[in-house]
Structures are given as C-alpha cells and as structure tokens.
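A.B. asks: Sequence:
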Amino acid sequence: MIANSSSIYAYSAALLDGTQCPLSSFAGKVLLIVNTASKCGFTPQYAGLELLYKQYQERGLVVLGFPCNQFGAQEPGSSEEIGAFCQANYGVSFPIFSRIEVNGSEAHPLYQYLTREKAGIFGTEAIKWNFTKFLVDREGHVVERFAPRVAPAEIAAHIEKLL
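First residue of the sequence shown? That's 1 in my numbering, and the numbers climb one at a time after it.
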C-alpha cells in the first residue's frame, strides 16, 4: 500500500473470508465506499445500498462495505456473523470486507486516504459515525463524501453523473 497514492487502487483490504482484495480489481468502476455496522440506527441503510448496487451494477457501480466497531461498539460480531447478518436481513450481494478501524492510529490505510482526500463537515478528516459514504470515480479518485444521515437514495443522482 502506498501512503501518498493518488487513487484508491494502491490499497487492498481483506474480504470477510480473509482473502486480500486489491482495490485495483475495481479499476474502471464507480465505487461507493461505506463504513457499516449491524447494530446502528443507520443499519437499515443496507437495504438502500443494496438497491443502488442492483440498480447500477450493470452500468459499473460497486458498493463496498467496511464494517467498523469504533462507534458505540455497534459491529461486535465475527466476520461470519457480519456476513450472515447482512445476507439474512438485507440480502446484501455487494462486497463486504473484514472489520476495520476508520479513525485513529490504527485506521486502515484506505480510510486514511479517503479522509485525507475528502474532509467532512468543518474540514475535519475524522469519520463521525457509521454509514459515512465516499463516492469514487472510475479513475479511483474520491469525488464526494456523504454524512451518515444521507440516505443511499439521495446519492443516486451523484452516481448517475459518474456512470
């Protein structure tokens, strides 16, 4: 992983099954990267994320879910439990990665890059809560950052512009 890369394609992360997935495997796709949690008030957004994925997948959208337990311990499960929850409750078919940290000294390098590229409200880089969303163009550049309260459906027009 390259610390000061100019695109997300320099990074990789482990999928729920532990397999390393280079983000370069999504080159040429529009990505919606989301830090997720199974026991959060925003957890029902999984349904909207899955809907976006199904609606735009053939045109080149991939949603990437990154479970995180840093906010209120709302993602305490194992990889197996996370995968089973997402499938059973929301029929999630988009890639879900192993649990990571998104803030602090142990933040995954991908999230260090994402937050550096698109600061949040008042210019802060830190992720404030679960279901913060980053929209990435086909070249791997971060285009927009959306707060947790922004429902997936509200992002559709932004996705359309990039497809």
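Don't take every hint at face value.
[Stated by the list, open to error] With a straight-line cut-off of 20 angstroms between C-alpha atoms, the simulated SDA-like cross-links for lysine to any residue are:
{"hint": "1", "residue 1": "Lys29", "residue 2": "Gly41"}
{"hint": "2", "residue 1": "Lys128", "residue 2": "Phe71"}
{"hint": "3", "residue 1": "Lys29", "residue 2": "Glu101"}
{"hint": "4", "residue 1": "Lys118", "residue 2": "Ser38"}
{"hint": "5", "residue 1": "Lys39", "residue 2": "Lys29"}
{"hint": "6", "residue 1": "Lys29", "residue 2": "Thr43"}
{"hint": "7", "residue 1": "Lys39", "residue 2": "Lys118"}
{"hint": "8", "residue 1": "Lys54", "residue 2": "Tyr90"}
{"hint": "9", "residue 1": "Lys29", "residue 2": "Glu144"}
{"hint": "10", "residue 1": "Lys54", "residue 2": "Lys161"}
{"hint": "11", "residue 1": "Lys39", "residue 2": "Phe26"}
{"hint": "12", "residue 1": "Lys128", "residue 2": "Gly60"}
{"hint": "13", "residue 1": "Lys29", "residue 2": "Ala107"}
{"hint": "14", "residue 1": "Lys118", "residue 2": "Ala147"}
{"hint": "15", "residue 1": "Lys54", "residue 2": "Val150"}
{"hint": "16", "residue 1": "Lys118", "residue 2": "Tyr90"}
{"hint": "17", "residue 1": "Lys128", "residue 2": "Pro109"}
{"hint": "18", "residue 1": "Lys118", "residue 2": "Glu101"}
{"hint": "19", "residue 1": "Lys128", "residue 2": "Thr43"}
{"hint": "20", "residue 1": "Lys118", "residue 2": "Lys128"}
{"hint": "21", "residue 1": "Lys29", "residue 2": "Gly60"}
{"hint": "22", "residue 1": "Lys161", "residue 2": "Val150"}
{"hint": "23", "residue 1": "Lys128", "residue 2": "Ser38"}
{"hint": "24", "residue 1": "Lys39", "residue 2": "Lys54"}
{"hint": "25", "residue 1": "Lys128", "residue 2": "Lys161"}
{"hint": "26", "residue 1": "Lys128", "residue 2": "Arg138"}
{"hint": "27", "residue 1": "Lys161", "residue 2": "Lys39"}
{"hint": "28", "residue 1": "Lys54", "residue 2": "Phe26"}
{"hint": "29", "residue 1": "Lys161", "residue 2": "Thr43"}
{"hint": "30", "residue 1": "Lys29", "residue 2": "Leu15"}
{"hint": "31", "residue 1": "Lys128", "residue 2": "Ile155"}
{"hint": "32", "residue 1": "Lys29", "residue 2": "Glu58"}
None of these hints come from the bench; they were simulated from the model.
From a predicted model like this one, the values you see are computed outputs, not experimental measurements.
A.B. asks: Next, verify each hint and record whether it holds.
C.D. replies: Hint check:
| no. | hint | in the structure |
| --- | --- | --- |
| 1 | Lys29 - Gly41 | violated (29 angstroms) |
| 2 | Lys128 - Phe71 | holds (8 angstroms) |
| 3 | Lys29 - Glu101 | violated (24 angstroms) |
| 4 | Lys118 - Ser38 | violated (25 angstroms) |
| 5 | Lys39 - Lys29 | violated (29 angstroms) |
| 6 | Lys29 - Thr43 | violated (25 angstroms) |
| 7 | Lys39 - Lys118 | violated (26 angstroms) |
| 8 | Lys54 - Tyr90 | holds (13 angstroms) |
| 9 | Lys29 - Glu144 | holds (15 angstroms) |
| 10 | Lys54 - Lys161 | holds (17 angstroms) |
| 11 | Lys39 - Phe26 | violated (28 angstroms) |
| 12 | Lys128 - Gly60 | violated (28 angstroms) |
| 13 | Lys29 - Ala107 | violated (24 angstroms) |
| 14 | Lys118 - Ala147 | holds (12 angstroms) |
| 15 | Lys54 - Val150 | holds (19 angstroms) |
| 16 | Lys118 - Tyr90 | violated (29 angstroms) |
| 17 | Lys128 - Pro109 | holds (17 angstroms) |
| 18 | Lys118 - Glu101 | holds (17 angstroms) |
| 19 | Lys128 - Thr43 | holds (15 angstroms) |
| 20 | Lys118 - Lys128 | holds (13 angstroms) |
| 21 | Lys29 - Gly60 | holds (5 angstroms) |
| 22 | Lys161 - Val150 | holds (18 angstroms) |
| 23 | Lys128 - Ser38 | holds (17 angstroms) |
| 24 | Lys39 - Lys54 | violated (24 angstroms) |
| 25 | Lys128 - Lys161 | violated (26 angstroms) |
| 26 | Lys128 - Arg138 | violated (26 angstroms) |
| 27 | Lys161 - Lys39 | violated (32 angstroms) |
| 28 | Lys54 - Phe26 | holds (16 angstroms) |
| 29 | Lys161 - Thr43 | violated (26 angstroms) |
| 30 | Lys29 - Leu15 | holds (18 angstroms) |
| 31 | Lys128 - Ile155 | holds (19 angstroms) |
| 32 | Lys29 - Glu58 | holds (10 angstroms) |
The structure is inconsistent with the numbered hints 1, 3, 4, 5, 6, 7, 11, 12, 13, 16, 24, 25, 26, 27, 29, although it conforms to all the rest.
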